[in-house]
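Could you build the full structure based on these sequences and the hints that come with them?
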Amino acid sequence: MVLLLLVNALLLIVNVIDIKWVWLGFEYSPDFDLKQFVHEGTYLLIISILLSMGIMLYFFRDNLNFYQKSGIIKKLTYIWIAQNTILAVSVAIRNFHYITYWGLAYKRIGVILFLIAAGYGLYSLYIKIRHTKTAYFLIKKNTMAVFVILLIASLINWDSIITTHNLNHPIKENMETSYLLTMSDKVLPLIDQNQEILNQEQSLNTYAHFGSYSYKEYYKLRVALFLSRYKKESWTSWNSQEWKAYSYYKNLKSHEKGVNKI
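Residues 5 to 266 in the working numbering are what the sequence shown lists, from first letter to last.
Please note that a few of the clues may not be correct.
Unchecked claim - The list that follows gives simulated cross-link-like pairs (lysine-lysine, PhoX-like), each with its CA atoms no further than 20 Å apart: (1) Lys254 / Lys236; (2) Lys39 / Lys111; (3) Lys220 / Lys235; (4) Lys137 / Lys190; (5) Lys220 / Lys190; (6) Lys190 / Lys236; (7) Lys137 / Lys79; (8) Lys190 / Lys254.
Unchecked claim - Derived Cβ-Cβ restraints for the label pairs, each shown as a range: (9) Asn243 / Pro174: 30 to 36 Å; (10) Tyr32 / Leu10: 33 to 39 Å; (11) Ile90 / Tyr110: 23 to 29 Å.
Derived by calculation from the structure, the hints in this document are not laboratory data. Don't be surprised by glycine CBs; every beta carbon is placed ideally from N, CA and C.
See below:
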């Protein structure tokens, strides 16, 4: 019980600081490392959730569920779960700030998916303690939840979502062209429709560089390779997104017309 009091007190301090600084008093400056800002919050949340599950599984095992002081322990546990929920919201706000100033990226989407899984994990932990469920219940429910989240995520065309969002971002100069040029071929038409991003200085990009190629040259190479590959593929490789991309360039009469208008 003393351990629960201590970890609750520690997490309370963290949450008070986060609410004051992250929720209410956040001010962005160009020198501020938002990447580290999000990573620190995410790592802290992971450690906190793993710690909470370990502690709860220890306290509410076998006959300890019926221990005469388990009522006090349960209340402390519910407070701990609530505090972890607040911590998860803090991470979500950190990630929101990152997306607001630097656009979408796969790792930022990964943080969102992780927070959904973490939220369900905390809920299932509450159910396990509230209704005296087994550890197997906790593992089963969370494994299924992660499976469903990953299944749904795999059905979404994230490349197009990321590219569309970043190309329409109000702080467009912060959207790294080098990152968009690493996306799959299905987003090439979107880049073609926003060719001004190919003029971005490479010195402003931190994600990737393409040797001696300029962004314009690398884009042209990507289009040429895509059209060449697509023509050779059989019907078994067909998918709607690449078909739309191929049709886009085909409707330009030739890919040279689309590329050389840069």
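Q) Any hints this thing doesn't respect? Which numbers, in order? A) Checked against the structure, the hints that fail are numbers 3, 4, while the rest are satisfied.
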